[in-house]
Amino acid sequence: MKYVDEYRDAQLGQAVATQILSEVDPDRHYKVMEVCGGHTHSIYKYGIDDLLPANVELVHGPGCPVCVIPMGRVDDGIAIAHHDGVIFTCFGDMMRVPGSEHTLLEAKAQGADVRMVYSPLDALRIARENPDREVVFFAIGFETTAPSTALTLKRAKAEGLRNFSCVCNHVTIVPPLRALLESPDLRLDGFIGPGHVCTVVGARPFHFIPADYGRPVVISGFEPLDILQSILMILRQLRGGRHEVENQYRRVVPDEGNLRALQVMAEVFALRPHFEWRGLGFISQSALRLSDAYAEFDAEQRFATPSVRVADPKACQCGEVLKGVIKPWECKVFGTACTPEHAIGTCMVSPEGACAAYYNFGRYARQREAV
Amino acid sequence: MTAQACRVDDPHCITCGDEGVPMRVTAADAVTAVCRDAAGDTHEVAIDLVGPVGAGDHLLVHAGVAIATLEAAS
Chain R
1 MKYVDEYRDA
11 QLGQAVATQI
21 LSEVDPDRHY
31 KVMEVCGGHT
41 HSIYKYGIDD
51 LLPANVELVH
61 GPGCPVCVIP
71 MGRVDDGIAI
81 AHHDGVIFTC
91 FGDMMRVPGS
101 EHTLLEAKAQ
111 GADVRMVYSP
121 LDALRIAREN
131 PDREVVFFAI
141 GFETTAPSTA
151 LTLKRAKAEG
161 LRNFSCVCNH
171 VTIVPPLRAL
181 LESPDLRLDG
191 FIGPGHVCTV
201 VGARPFHFIP
211 ADYGRPVVIS
221 GFEPLDILQS
231 ILMILRQLRG
241 GRHEVENQYR
251 RVVPDEGNLR
261 ALQVMAEVFA
271 LRPHFEWRGL
281 GFISQSALRL
291 SDAYAEFDAE
301 QRFATPSVRV
311 ADPKACQCGE
321 VLKGVIKPWE
331 CKVFGTACTP
341 EHAIGTCMVS
351 PEGACAAYYN
361 FGRYARQREA
371 V
Chain V
1 MTAQACRVDD
11 PHCITCGDEG
21 VPMRVTAADA
31 VTAVCRDAAG
41 DTHEVAIDLV
51 GPVGAGDHLL
61 VHAGVAIATL
71 EAAS
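Protein chains in written order, with the numbering used here: chain R, 1 to 371; chain V, 1 to 74.
It should be emphasised that the hints constitute simulated quantities derived from the structure, not laboratory data.
Small disclaimer: the values here were computed from a predicted structure and weren't measured.
Be aware that one or more of the hints could be misleading.
Some chain R residues close to chain V (C-beta under 8 angstroms, calculated; not the full set) [unchecked claim]:
| no. | residue |
| --- | --- |
| 1 | P147 |
| 2 | H196 |
| 3 | N258 |
| 4 | R260 |
| 5 | V264 |
Glycine included, every Cβ here is placed at the ideal spot set by N, Cα and C.
Put together the whole structure using the sequences plus the hints.
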């Protein structure tokens, strides 16, 4: 298909890998963070890290929306799902994210009406079809997904649907990036920018990275050639002593973003003063709530919830993995107590989580290297 | 008309991965486009956030909603 096949050409990939080899300084170690979980998944799926010189290290960032949901929010969702008459809807991965005692999948097994949806618009359809039931959508995701939730709520309001509401866990990518850049235990040379977040917000929000921290950012697509080219562009900036925001993903990302999507988001959402991120703690102005104009659709106002902060399991090192301080396989429970089938930490739950991606695509190769 | 499932056993959840799926428009009205993905599956896609589209246009789709119109790569 156009816009897909041409970015998976193996010969071109090898050619870009050769160019990368010619750009690196053999005496320097490079740490490049891919911000988005979708990039992490592609890197492992296509073996992109195997094409890179040994001194170019990819660090996996906090851009997996499932991985940053704290357990207390999962507990709140489960509590709502157990209310009489509620149909609780969420994306597939969210079903397996552990709360303090259970997952939503386990709540479903216990009798709660929990249903997976592919789109928030599917949740709205369920609400239309079940006017005598309360339908709740558990919204997660960065700025890529938030417009879909906003559009859904706009339609709910226009239709006067009173049995639909939303638990809003949408988060924004810039505040955690700033927190990472302020972290003393992390040294990064550049960033592979989140292409689909930028489709919505544009390139401008990322200019603080070169301006305030002197690091290059290349907004990248998700096909293997996109990622290889973005790494090459970062290395060229570093070699040339430049640090700026470049857009590798021009076929999708306009510099100004999607103005219609931003307008809908501004109408439906407002910034929360602070929000807890799994592994990263509380970060100011890093998440969205429903605006006052849409308060009637706020499930947190409609239903009683525990709203209790729950500490992460002690054995889990998701925080260090999310910050890129350790690699997934360096976690004490990786691949033993914590697997995709029995996840302790959220990085193992979502296929886009660094741990699950490494477990699924890289673990055995790493074992062979060790032998 | 298929609605792509989001399953717990799916090896890759496009919604949670912030991934966008390129699709080609086969028909459209003011708010919905019928689109085909690379696998040949057909989807109904909300186009409120990208504006009017026509048959042959390519869209980037996330969670059932088009978030961008694809243009020739530079």
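Hints and how they fare:
1. P147: At 6 angstroms from the nearest chain V Cβ, R/P147 passes the 8 angstroms test, so the hint holds.
2. H196: holds, 5 angstroms
3. N258: Nearest chain V Cβ about 6 angstroms off; hint holds.
4. R260: Cβ of R/R260 sits 5 angstroms from chain V, so the hint holds.
5. V264: OK, holds: R/V264 within 8 angstroms of chain V, min 7 angstroms.
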